[in-house]
Amino acid sequence: MTLNKEQYTAFEDIVGPEYISSDPAILFSYSWRSGLYAPPQDFSPLFEAIILPHTNEEIQAIVKLSNKFKLQFKASSTGWGPYNDATAPGCVKLDLRRMNRIIEINVKNMYAVVEPGVIGTQLQAECMKLGLNCNQNGAGTNCSASPIVGHCGFGHLSQSGSYGERNQLALEWITPEGELVCFGSLGSTGAWFCGDGPGPSLRGAVRGNVVPMGGLGVFTKAATKLYHWPGPTSVELEGVSPSYVPTSIDNHFLIRIYSFPDMEMMDQAQRKIGEAEIAYELMGFNKGMAASNIATSNEEMLKLHAEFSNLLTDFCLMVIIGGYSARDFEYKTKVLNQIAIDTQGKSLTKISDDPEVAAGCMWRWLRPTASIREVFRATGCFAGEVGGTDVFRLMADYIVETAKVKQKMINDKLIFDDGAPPFTQSIEHGHYGHGELLIRYIPNPSNWAGMMDFMAKANEIAIKQHFGVPGHVFSDMQHDIYGPHVMNYHKWLRKIKKSFDPNGASEGSHHITVKE
Amino acid sequence: MGLEEFRDDMTTCCRCSACKFVPLETLKGYDHVNICPSISRFDYRAFSGGGRLGIGVALLDKQLDYSSPKLREIIYNCQMCGACDVSCKYAMDMEVLEPMNAIRSEMVKHGNAPPALDKMITSLKNGGPMLLEGNAGQGEWASKLGVKDYTKQSVQVIYHAGCRTRHDKTRWAVAQQTVKLMQKANIDVGIAMDEPCCGGRAYQMGYQTEAADKARSNMESINKLGAKTLVTGCAECYFAFKVLYDKFGVKGDFEVLHTSEFFNRLVQQGKLKPTKKVNLTVTYHDPCHLGRQGEPYIHWKGQRVPGQLIIFDPPKEFRRGTKGVYEPPRELLQSIPGLKLVEMDRHKEFAWCCGSGGGVIETNPEYALWTATERINEAASTKAEAVVTGCPGCESLFETAIRKNNKNLKVYDIVEILAMATL
Amino acid sequence: MIVEKLSQLLGKENVEFKPDILESFSRDLSFVSPIRPAYVVKVKNLEEVQNLVKIANETQTPLIPVSSGAPHFRGDTVPGTGGAVIVDLSGMKRVIHISRKHRMAMFEPGVTFGELISAVAKEGLRLNIPLAPRRSKSVLGSLLEREPVVMPIYHWDISDPSGCFEITFGNGELFRTGAAAGSGTIEEQWAAGGSQKEAAGPSSASWYRLIQGAQGTMGIVTWGTARCEILPKLEEPYFIGSSNLENITNALHWLVRLRLANECLVLNNVDVAALLANNGTEFQKIKTSLTPWILFFNIAAYDYYPEERIKGQMEDMNGVAKKIGVQAVKTLGKIHANEFLKIIQQPSSEPYWKIRIQGACQDIFFLTIYEKLDELIKTMHEEADKIGFTTTNIGIYLQPIVQGVNCHCEFNLFYNPLNAAETDKVKQLNSIATRSLMEKGAFFSRPYGENTSLIMNRDAATVAALKKVKQITDPKHIMNPGKLCF
Ligand SMILES: Cc1cc2nc3c(=O)[nH]c(=O)nc-3n(C[C@H](O)[C@H](O)[C@H](O)COP(=O)(O)OP(=O)(O)OC[C@H]3O[C@@H](n4cnc5c(N)ncnc54)[C@H](O)[C@@H]3O)c2cc1C
Ligand code: SF4
Ligand code: SF4
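Residue numbers (the working numbering), protein chains in the order written: chain C, 13 to 528; chain U, 7 to 429; chain F, 1497 to 1982.
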């Protein structure tokens, strides 16, 4: 299927000839497959057209036309993951990169309003000038700054900066039928500070702990909470890419990687650090991730991985302390040291004894920029288990269980052997947790078959052992596997989809579709 | 190298978009986050480094046809500035710019390069300059300098002015001052009245054979001369002699230096003394081919080790833009009394391109000017009075951009600044 | 006859239709027009609730879930239509589970603040509670109303401290929100180490958000979980008194932003007096002894080096206060901060502070940001002046919520319900002021009573979207019809 002349012209009339294209050269650049969950095929199905809208009015008109023409549409911000892609003919892409304004930063009430084309780095850099910070997608600050665009929205900063589902304030939503809905205070007063009400909060309809992955309309502006930033207004760097050394960030900041004898001790440390409210960041970092982050090449990564393997167990935490004052820093450091003693945490000397490495890591994790190193440099592709959210230990245990299946894939030489330790995330001073298992592989049919087998087993573990609905569950197929065990939530989700998108215009293969 | 050789690099692209942005650690505000002029101007993903690699795979898979006009528009609306390559390699072990060069080479082979470029290549093949306009006489610029002709007399130092300087009268002063400064420092310098084109720009435009041929013929004659050093004030020539010729396996037995490097050494050694005050606040623009692309070529021949990790046998050291020429021009500027150097947000390895490279100035001057205007605005935001750089290509485009935008900025070649303080 | 079905299901003794009882549920302290329910039924467990909803669907009988005991204030439990059945959940009083490790509690709708506070305290935990709620107030009811709470630093999201809910939707289907959805039974989830804490989900919808703020229009919740915080080892409460609201909001901003205070709220002298006084004389005395604005906050410390933490936080707090030009003090007038802390860490003493002196109170509350407060307070005063309601008798409560991103602003109009003229004034003021405040940007996120349609009508797109949601959960509109936009 390709757009007929009438259809193309109708879209063109909305955005102008410069901002729509159906040329194969343009289309193929969008259908080159993402490195995330990369299948052996090079390309996903082509979009019928790529459209680059600039305003709400344009998007509304495009969405309404899509409904009229029985076409589907899919929006994207930076367009990284596979969920940005078409899965079949008949879909137009709305690339929102031209919608890239920071609308407002309110210092006293600590929120910011962004369009989806603003990336995390930009918002963070502007916030830091004002002594504030915003949560960042763990994928990196190359992702959209909008709290409702990334997949879950957890990241390095979530210990003190929560995550998308909870940072979201007012929101501008163009429904799958093209209506503009302004959530909360925005709809009633035009201000951005609140996303809930009047009455029940529509935030609940448009996302859960994961977003609808392009399957429920278009989010054109969103307000997000901001947090205090105890660091400098900008960070000075020395050196040249890929080895930057921050020179102005050491004041009141400290970074450690601790290795614990077992999961129980690591969990205890996570809880104690959380309850003491001392960490600006707290993540379960493993040796593979640390090596990939610090190294500037795969060769160097291998060496570091070997070095860390002798020093770190599979149960490690990365902690960053950010003191709000000299005295606060002193107190938090003292508490951290005591907790490490109480939980038998051993500090990785590469970090604690080398100020350059420490400063480098700190900045790469405060402005998360090295996730690409971490997950993609090794093979260009990664997949794996993206757990859900609940309490930290449950999520960590899930990953430990799925890691056993990963180990088998390593033994079968289907994936990169980086061991199989969990990667976990502590959220809101330990109140919540999240876990993932990183799997790096080179996509070919047998590895891919192995991956699919792994995913099936991971699903089975989640369901049988009651670990909740993981974040990687998108698509009808997966929802239909989980739903019957999870209060038939898939039926409810489908009802929302159906109510707001009766024509199934918002391409929902990575969310849910209206099929029964 | 053929495009097929880069399949692994291209299929390593994870679609992260890092190539659209400055290395993210460096950003200090909302502005100046973009690094790629092409996607910044044309917006479709196809115009980014990553988009181009996807297109490369589609070409290899025969999903796309080399004859497509849109393909030509995409492939040639790119300055080949290499910024995408640097930003990508902050994190990744893969080539970006090299496959992009290979795609252009295929475009040429398939006869789908822009006609304007073909015209320049014909000129190159005929021993002429790679210019569409500007036709000042060959060695005229040096007629009053009393400088040796290295094709006739032996010299220690060759000064290669470059086509863009020789054939544009407005650039002559820089070349003349270069020679005068050398003379002041008692350097045994020579020029060629009939200077050959370096051919470097042919490579960026996709004419790899022509560039390699030119490199070989140039080196045949230059190597014979026995000079110790080749100095050039053009970043593109610098890149050709230093990096490209090395890549082509015709590296000369002499050192290649940019004027900023050469003169900085002389100043550091006390052979030139900038004593006159130059009361200016300036910002320095790193030309792409002197900065990130100016880093030495690294020869490597090997293959990817089979298995689930991208490593190579023998190990491959990637050129990440780390070792470009960044400090010498800055040191030189800082040695000028009275002069204050302020940095633009995007500098060194993540400098924004002036806009003229990759044949863009010839094929899409409007886009070239758009790119330069972005840079001029960035320079103006530093409150500098002047932009200093080290490439005639950047300089003339900046001047046009300033004129067209009514900006109150001056443009200097770094040699002009040194000359003000020294001559 | 429905009564037979109800009696059969719940037992005769649990189906009430005595006129005085029906009458008591036909009205509350709000100005909502009274409508008598047909029955009041007491339910004891989920099974009963499910069957009840089934019957209601079969018979098109409106159900109005009520968890708290009287007095009710907002009209949300007054039937919006005739023939309704009040579903009294206040007898469901089980505290089902408390986990110190995971800092959470699970409880039924009838559990009141007093009950839950002491239950979690035994485990070393505490709740983030609203300001001195009435004794009969259900914790779950409060969570469902998105009631503001007094510890802004632990109020990360407007839904806090809610966790998961078990709900029978209006269409009769049972659902558990968030992590509680499973897989598995709750017991199986506990055995696996789960704790029903994550409110969001499952997957890409957050049903709890659609249930909160719904005033019982989506379904009947039979238990909920709340996130708890740990009990401090040491606490050091303070007041900052001032007549300058900007200084007060600056202090609020920094205390919350730097996480220096747990309990942290602002009252005007009227509200402080109302909270503390036992009679009119005391009220006047306290009121006149105070500055117009009173910021109360509490510095707290936990297990590690508590003395050091308190001392340090105090130092930082004093630094902030100095910069702003205010001073933190332990006593204000005759009120000691430690005593005040005790008062706001518990439900109100009886009678409830809002009705203790005058007998009735009408609240006008909305959300805003600090920079708008001054104008909005002025607007309120202007409207009160116009009507002839003495502005110096208006209580004002400012509660930073969502970690200081929003400010809950509440005007408490204390009045004597036996005085018809005064009551009428308050009634008029309630609607006139709401309109004016809205025009000045006040966001009435939780519309109650007779101003509801005025508020909802401002946002037709949201109303249309909410109706779609309602159609999913309660297609026959049996749940509390007439409320909000349903
Ligand atoms: C290396 C790596 C690490 C990751 N780690 C994390 C992590 O730690 N935490 C986490 O939460 N996620 C993580 N992810 C997932 C990540 O959030 C997504 O890949 C996301 O795509 C990031 O890009 P983006 O925010 O620009 O959104 P996009 O890639 O542009 O879009 C993401 C999805 O949202 C849809 N969408 C985008 N914009 C809009 C819009 N305006 N309106 C409606 N729908 C829209 C798209 O269709 C797509 O389905 C990781 C991914 C990678 C590749
Ligand atoms: S070229 Fe490199 S930086 Fe660009 S998208 Fe591909 S992997 Fe990312
Ligand atoms: S070479 Fe320069 S212009 Fe071309 S794609 Fe890369 S960054 Fe963009």
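The set of hints was computed from the structure by calculation and includes no laboratory data.
Predicted model only: the values in this text are computed from it and were never measured.
Each residue gets a CB set at the ideal place from its N, CA and C atoms; glycine is no exception.
Do not take every clue at face value.
[As the list claims (entries may be wrong)] Just a few of them, taken from the derived set where beta-carbon distance is under 8 Å, the chain F residues facing chain C: (1) 1610; (2) 1613; (3) 1679; (4) 1684; (5) 1685; (6) 1709; (7) 1885; (8) 1886; (9) 1937; (10) 1981.
[Claimed, not checked] Only pairs whose alpha carbons sit at most 20 Å apart, straight line, appear in this in silico DMTMM-like list of lysine to aspartate or glutamate: (11) U:68 <-> C:289; (12) F:1540 <-> F:1509; (13) C:120 <-> F:1871; (14) C:476 <-> F:1683; (15) C:346 <-> F:1799; (16) U:34 <-> C:189; (17) U:76 <-> C:424; (18) C:507 <-> F:1878; (19) C:120 <-> F:1867; (20) U:76 <-> C:30; (21) C:507 <-> C:488; (22) F:1597 <-> C:274; (23) F:1923 <-> F:1867; (24) U:329 <-> C:312; (25) C:120 <-> F:1519; (26) F:1807 <-> C:289; (27) F:1963 <-> C:342; (28) F:1729 <-> C:287; (29) C:141 <-> U:37; (30) C:420 <-> C:287; (31) F:1807 <-> C:342; (32) F:1964 <-> C:248.
Flag every earlier hint the structure violates by its number, smallest first. 1, 2, 7, 8, 11, 16, 17, 18, 23, 25, 27, 30 and 32
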